[in-house]
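Trainee: Modelling step: build the complete structure from the supplied sequences, incorporating the hints.
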Amino acid sequence: MARSITLQSIDELGGQSSVLARQRRDHEELDRLMHRYESADLPSAERHKTLKDIFQLTFSHAFAEETVLWPALRRLAPDGEELTSRVEEEHQQINDLVTEIQSTDSDDPWHEQLIVDAFALIRQDIRDEEDVLLPRLQEALEHDGARLRRLGTTWETVRRTAPTRPHPAVSRRPPGNAVAGVPLSVYDRTRDALSPASTTTLLITAAVAAAALTACLVRAALHRRR
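When you line the sequence shown up against this note's numbering, it's residues 607 to 832, in that order.
These are computed hints drawn from the structure, not numbers from a lab. None of these values were measured; they are calculated from a predicted model. A hint or two may mislead.
Unchecked claim - When the alpha-carbon atoms are kept at most 25 Å apart in a straight line, the in silico SDA-like pairs for lysine to any residue are as follows:
hint, residue 1, residue 2
1, K658, H773
2, K658, R638
3, K658, S777
4, K655, S712
5, K655, L727
6, K658, G621
7, K655, D723
8, K655, R766
9, K658, R778
10, K655, E718
11, K655, T796
12, K658, Y793
13, K658, Q699
14, K658, T796
15, K655, E762
16, K658, E644
17, K655, S645
18, K655, G686
19, K658, A786
20, K658, E696
21, K658, E736
22, K658, R797
23, K655, L689
24, K655, E634
25, K655, P774
26, K655, H641
27, K658, D711
28, K658, H717
29, K658, L720
30, K658, V764
31, K658, A799
Mentor: Right, here's the structure in full:
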(Lines of atoms letter the chains of each structure in order from A; the text may use other names.)
(Lines give C-alpha, C1' and ligand atoms only; values in the text may rest on other atoms or scores of the structure.)
Protein backbone atom coordinates (compact mmCIF):
# COMPACT_ATOMS: atom_id res chain seq x y z
CA MET A 607 0.00 0.00 0.00
CA ALA A 608 1.29 3.48 -0.87
CA ARG A 609 2.60 5.57 2.02
CA SER A 610 1.30 9.04 2.82
CA ILE A 611 3.54 11.75 1.39
CA THR A 612 3.74 13.18 4.93
CA LEU A 613 5.88 10.16 5.90
CA GLN A 614 8.31 10.34 2.98
CA SER A 615 11.61 12.16 2.61
CA ILE A 616 12.16 14.83 -0.04
CA ASP A 617 14.27 12.35 -2.02
CA GLU A 618 11.46 9.78 -1.93
CA LEU A 619 9.06 12.45 -3.19
CA GLY A 620 11.29 13.11 -6.21
CA GLY A 621 13.18 16.17 -4.99
CA GLN A 622 12.29 19.71 -3.94
CA SER A 623 10.78 20.58 -7.32
CA SER A 624 8.59 17.49 -7.66
CA VAL A 625 4.85 18.05 -7.60
CA LEU A 626 4.58 15.98 -4.42
CA ALA A 627 7.05 18.16 -2.53
CA ARG A 628 5.42 21.34 -3.85
CA GLN A 629 1.98 20.09 -2.78
CA ARG A 630 3.23 19.23 0.69
CA ARG A 631 4.82 22.68 1.13
CA ASP A 632 1.54 24.37 0.22
CA HIS A 633 -0.33 22.13 2.64
CA GLU A 634 2.12 22.96 5.42
CA GLU A 635 1.71 26.67 4.73
CA LEU A 636 -2.08 26.36 4.82
CA ASP A 637 -1.86 24.52 8.14
CA ARG A 638 0.44 27.24 9.53
CA LEU A 639 -1.90 30.01 8.40
CA MET A 640 -4.99 28.31 9.83
CA HIS A 641 -3.28 27.86 13.20
CA ARG A 642 -2.22 31.52 13.06
CA TYR A 643 -5.81 32.60 12.40
CA GLU A 644 -7.01 30.47 15.32
CA SER A 645 -4.50 32.11 17.69
CA ALA A 646 -6.41 33.90 20.46
CA ASP A 647 -4.01 36.86 20.69
CA LEU A 648 -3.91 37.72 16.98
CA PRO A 649 -5.08 41.32 16.33
CA SER A 650 -8.23 41.74 14.28
CA ALA A 651 -6.50 43.28 11.26
CA GLU A 652 -3.96 40.45 11.18
CA ARG A 653 -6.72 37.84 11.44
CA HIS A 654 -8.46 39.41 8.45
CA LYS A 655 -5.26 39.40 6.39
CA THR A 656 -4.45 35.82 7.42
CA LEU A 657 -7.90 34.63 6.39
CA LYS A 658 -7.48 36.34 3.02
CA ASP A 659 -4.09 34.62 2.58
CA ILE A 660 -5.64 31.23 3.44
CA PHE A 661 -8.37 31.56 0.85
CA GLN A 662 -6.07 32.89 -1.87
CA LEU A 663 -3.69 29.96 -1.43
CA THR A 664 -6.54 27.45 -1.14
CA PHE A 665 -8.15 28.44 -4.43
CA SER A 666 -5.00 28.86 -6.52
CA HIS A 667 -3.71 25.53 -5.18
CA ALA A 668 -6.97 23.70 -5.88
CA PHE A 669 -7.28 25.17 -9.38
CA ALA A 670 -3.81 23.89 -10.28
CA GLU A 671 -4.72 20.45 -8.96
CA GLU A 672 -7.91 20.33 -10.99
CA THR A 673 -6.19 21.58 -14.14
CA VAL A 674 -2.95 19.57 -13.99
CA LEU A 675 -2.91 16.78 -11.39
CA TRP A 676 -6.33 15.20 -11.33
CA PRO A 677 -6.58 14.80 -15.13
CA ALA A 678 -3.19 13.03 -14.97
CA LEU A 679 -4.39 10.76 -12.17
CA ARG A 680 -7.53 9.86 -14.14
CA ARG A 681 -5.38 8.91 -17.13
CA LEU A 682 -2.84 6.91 -15.16
CA ALA A 683 -4.76 5.12 -12.40
CA PRO A 684 -7.71 2.72 -12.77
CA ASP A 685 -9.38 4.26 -9.69
CA GLY A 686 -8.49 7.82 -10.69
CA GLU A 687 -12.04 8.79 -11.58
CA GLU A 688 -13.43 7.73 -8.22
CA LEU A 689 -10.62 9.39 -6.25
CA THR A 690 -10.70 12.70 -8.08
CA SER A 691 -14.50 12.92 -8.01
CA ARG A 692 -14.39 12.75 -4.23
CA VAL A 693 -11.81 15.49 -3.83
CA GLU A 694 -13.52 17.67 -6.46
CA GLU A 695 -16.66 17.45 -4.35
CA GLU A 696 -14.65 18.68 -1.34
CA HIS A 697 -13.33 21.57 -3.42
CA GLN A 698 -16.88 22.48 -4.44
CA GLN A 699 -18.02 22.46 -0.82
CA ILE A 700 -15.11 24.74 0.14
CA ASN A 701 -16.08 27.10 -2.70
CA ASP A 702 -19.67 27.21 -1.42
CA LEU A 703 -18.62 27.78 2.19
CA VAL A 704 -16.19 30.59 1.40
CA THR A 705 -18.75 32.27 -0.84
CA GLU A 706 -21.14 32.23 2.13
CA ILE A 707 -18.42 33.52 4.48
CA GLN A 708 -17.72 36.45 2.19
CA SER A 709 -21.41 37.32 2.02
CA THR A 710 -21.85 37.21 5.82
CA ASP A 711 -21.06 40.18 8.05
CA SER A 712 -18.02 39.56 10.26
CA ASP A 713 -20.07 40.56 13.33
CA ASP A 714 -22.58 37.81 12.65
CA PRO A 715 -21.96 34.83 15.01
CA TRP A 716 -22.62 32.50 12.07
CA HIS A 717 -19.63 34.03 10.23
CA GLU A 718 -17.09 32.47 12.59
CA GLN A 719 -18.85 29.09 12.53
CA LEU A 720 -18.65 29.07 8.74
CA ILE A 721 -14.90 29.67 8.99
CA VAL A 722 -14.56 26.77 11.44
CA ASP A 723 -16.44 24.55 8.98
CA ALA A 724 -14.30 25.71 6.05
CA PHE A 725 -11.05 25.03 7.95
CA ALA A 726 -12.27 21.54 8.88
CA LEU A 727 -13.03 20.79 5.25
CA ILE A 728 -9.67 22.18 4.05
CA ARG A 729 -7.89 19.96 6.57
CA GLN A 730 -9.90 16.93 5.45
CA ASP A 731 -9.05 17.70 1.84
CA ILE A 732 -5.34 17.90 2.72
CA ARG A 733 -5.50 14.51 4.47
CA ASP A 734 -7.26 12.88 1.53
CA GLU A 735 -4.71 14.25 -0.91
CA GLU A 736 -1.62 13.43 1.14
CA ASP A 737 -2.76 9.98 2.28
CA VAL A 738 -4.58 8.74 -0.84
CA LEU A 739 -4.54 10.74 -4.08
CA LEU A 740 -0.92 11.88 -4.20
CA PRO A 741 0.50 8.46 -3.22
CA ARG A 742 -1.64 6.92 -5.98
CA LEU A 743 -0.23 9.43 -8.46
CA GLN A 744 3.26 8.58 -7.23
CA GLU A 745 2.58 4.87 -7.73
CA ALA A 746 1.11 5.42 -11.18
CA LEU A 747 4.26 7.28 -12.22
CA GLU A 748 6.36 4.44 -10.77
CA HIS A 749 8.24 6.83 -8.49
CA ASP A 750 9.75 8.49 -11.57
CA GLY A 751 11.42 11.59 -10.09
CA ALA A 752 11.98 13.27 -13.47
CA ARG A 753 8.30 12.99 -14.42
CA LEU A 754 7.23 14.21 -10.99
CA ARG A 755 9.50 17.24 -11.37
CA ARG A 756 8.14 18.04 -14.83
CA LEU A 757 4.61 17.76 -13.50
CA GLY A 758 5.63 19.99 -10.60
CA THR A 759 6.86 22.70 -12.96
CA THR A 760 3.56 22.68 -14.86
CA TRP A 761 1.52 22.66 -11.66
CA GLU A 762 3.51 25.59 -10.21
CA THR A 763 3.08 27.65 -13.39
CA VAL A 764 -0.69 27.17 -13.28
CA ARG A 765 -0.89 27.84 -9.53
CA ARG A 766 0.93 31.16 -9.85
CA THR A 767 -1.56 32.41 -12.46
CA ALA A 768 -4.74 30.77 -11.10
CA PRO A 769 -7.89 32.41 -9.68
CA THR A 770 -7.61 33.28 -6.00
CA ARG A 771 -11.29 33.53 -5.02
CA PRO A 772 -14.27 31.16 -4.90
CA HIS A 773 -16.18 30.60 -8.12
CA PRO A 774 -18.74 27.91 -7.27
CA ALA A 775 -20.40 27.88 -10.71
CA VAL A 776 -17.17 27.18 -12.62
CA SER A 777 -16.49 23.60 -13.74
CA ARG A 778 -14.04 21.62 -11.61
CA ARG A 779 -12.54 20.01 -14.74
CA PRO A 780 -10.80 21.00 -17.97
CA PRO A 781 -11.46 22.39 -20.45
CA GLY A 782 -14.22 24.39 -18.71
CA ASN A 783 -12.16 25.47 -15.71
CA ALA A 784 -9.09 26.26 -17.84
CA VAL A 785 -11.04 28.49 -20.25
CA ALA A 786 -12.83 30.30 -17.42
CA GLY A 787 -9.62 30.55 -15.42
CA VAL A 788 -7.97 33.18 -17.65
CA PRO A 789 -10.46 36.03 -17.13
CA LEU A 790 -11.23 34.95 -13.56
CA SER A 791 -7.56 34.98 -12.60
CA VAL A 792 -7.05 38.49 -13.98
CA TYR A 793 -10.24 39.65 -12.27
CA ASP A 794 -9.34 38.06 -8.90
CA ARG A 795 -5.73 39.21 -8.85
CA THR A 796 -6.73 42.74 -9.82
CA ARG A 797 -9.22 42.80 -6.94
CA ASP A 798 -6.53 41.47 -4.60
CA ALA A 799 -4.25 44.36 -5.55
CA LEU A 800 -6.88 47.11 -5.25
CA SER A 801 -7.92 48.90 -2.07
CA PRO A 802 -11.61 48.76 -1.11
CA ALA A 803 -11.96 52.43 -2.11
CA SER A 804 -10.79 51.81 -5.69
CA THR A 805 -13.24 52.02 -8.54
CA THR A 806 -14.34 49.07 -10.67
CA THR A 807 -13.02 50.53 -13.93
CA LEU A 808 -9.76 48.60 -13.83
CA LEU A 809 -11.64 45.40 -12.99
CA ILE A 810 -13.94 45.73 -15.96
CA THR A 811 -11.09 46.57 -18.31
CA ALA A 812 -9.05 43.60 -17.09
CA ALA A 813 -11.96 41.20 -17.35
CA VAL A 814 -12.81 42.30 -20.89
CA ALA A 815 -9.19 42.02 -21.98
CA ALA A 816 -8.88 38.58 -20.43
CA ALA A 817 -12.09 37.40 -22.06
CA ALA A 818 -10.75 38.54 -25.42
CA LEU A 819 -7.53 36.64 -24.76
CA THR A 820 -9.50 33.52 -23.87
CA ALA A 821 -11.47 33.75 -27.12
CA CYS A 822 -8.21 34.01 -29.07
CA LEU A 823 -6.81 30.95 -27.29
CA VAL A 824 -9.93 28.93 -28.02
CA ARG A 825 -9.87 29.92 -31.69
CA ALA A 826 -6.20 28.99 -31.90
CA ALA A 827 -6.86 25.59 -30.32
CA LEU A 828 -9.70 24.88 -32.74
CA HIS A 829 -7.51 25.93 -35.66
CA ARG A 830 -4.76 23.49 -34.60
CA ARG A 831 -7.25 20.61 -34.54
CA ARG A 832 -8.20 21.10 -38.17
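Trainee: With reference to the structure, classify each hint as holding or not holding.
Mentor: Against the structure, the hints come out as follows:
1. K658 with H773: holds, 15 Å
2. K658 with R638: holds, 14 Å
3. K658 with S777: Since the Cα atoms of K658 and S777 sit roughly 23 Å apart, the hinted pair holds (cutoff 25 Å).
4. K655 with S712: holds, 13 Å
5. K655 with L727: Satisfied, since the Cα-Cα distance of roughly 20 Å is no more than 25 Å.
6. K658 with G621: violated, 30 Å
7. K655 with D723: holds, 19 Å
8. K655 with R766: holds, 19 Å
9. K658 with R778: holds, 22 Å
10. K655 with E718: Between K655 and E718 the Cα gap is close to 15 Å, so the pair holds against 25 Å.
11. K655 with T796: Holds, at roughly 17 Å.
12. K658 with Y793: holds, 16 Å
13. K658 with Q699: holds, 18 Å
14. K658 with T796: Roughly 14 Å between the alpha carbons, so the hint for K658 and T796 holds.
15. K655 with E762: holds, 23 Å
16. K658 with E644: holds, 14 Å
17. K655 with S645: holds, 13 Å
18. K655 with G686: violated, 36 Å
19. K658 with A786: Between K658 and A786 the Cα gap is close to 22 Å, so the pair holds against 25 Å.
20. K658 with E696: Roughly 20 Å between the alpha carbons, so the hint for K658 and E696 holds.
21. K658 with E736: holds, 24 Å
22. K658 with R797: holds, 12 Å
23. K655 with L689: Between K655 and L689 the Cα gap is close to 33 Å, so the pair fails against 25 Å, i.e. violated.
24. K655 with E634: Holds, at roughly 18 Å.
25. K655 with P774: holds, 22 Å
26. K655 with H641: Distance of about 14 Å is within 25 Å: holds.
27. K658 with D711: holds, 15 Å
28. K658 with H717: holds, 14 Å
29. K658 with L720: holds, 15 Å
30. K658 with V764: holds, 20 Å
31. K658 with A799: holds, 12 Å
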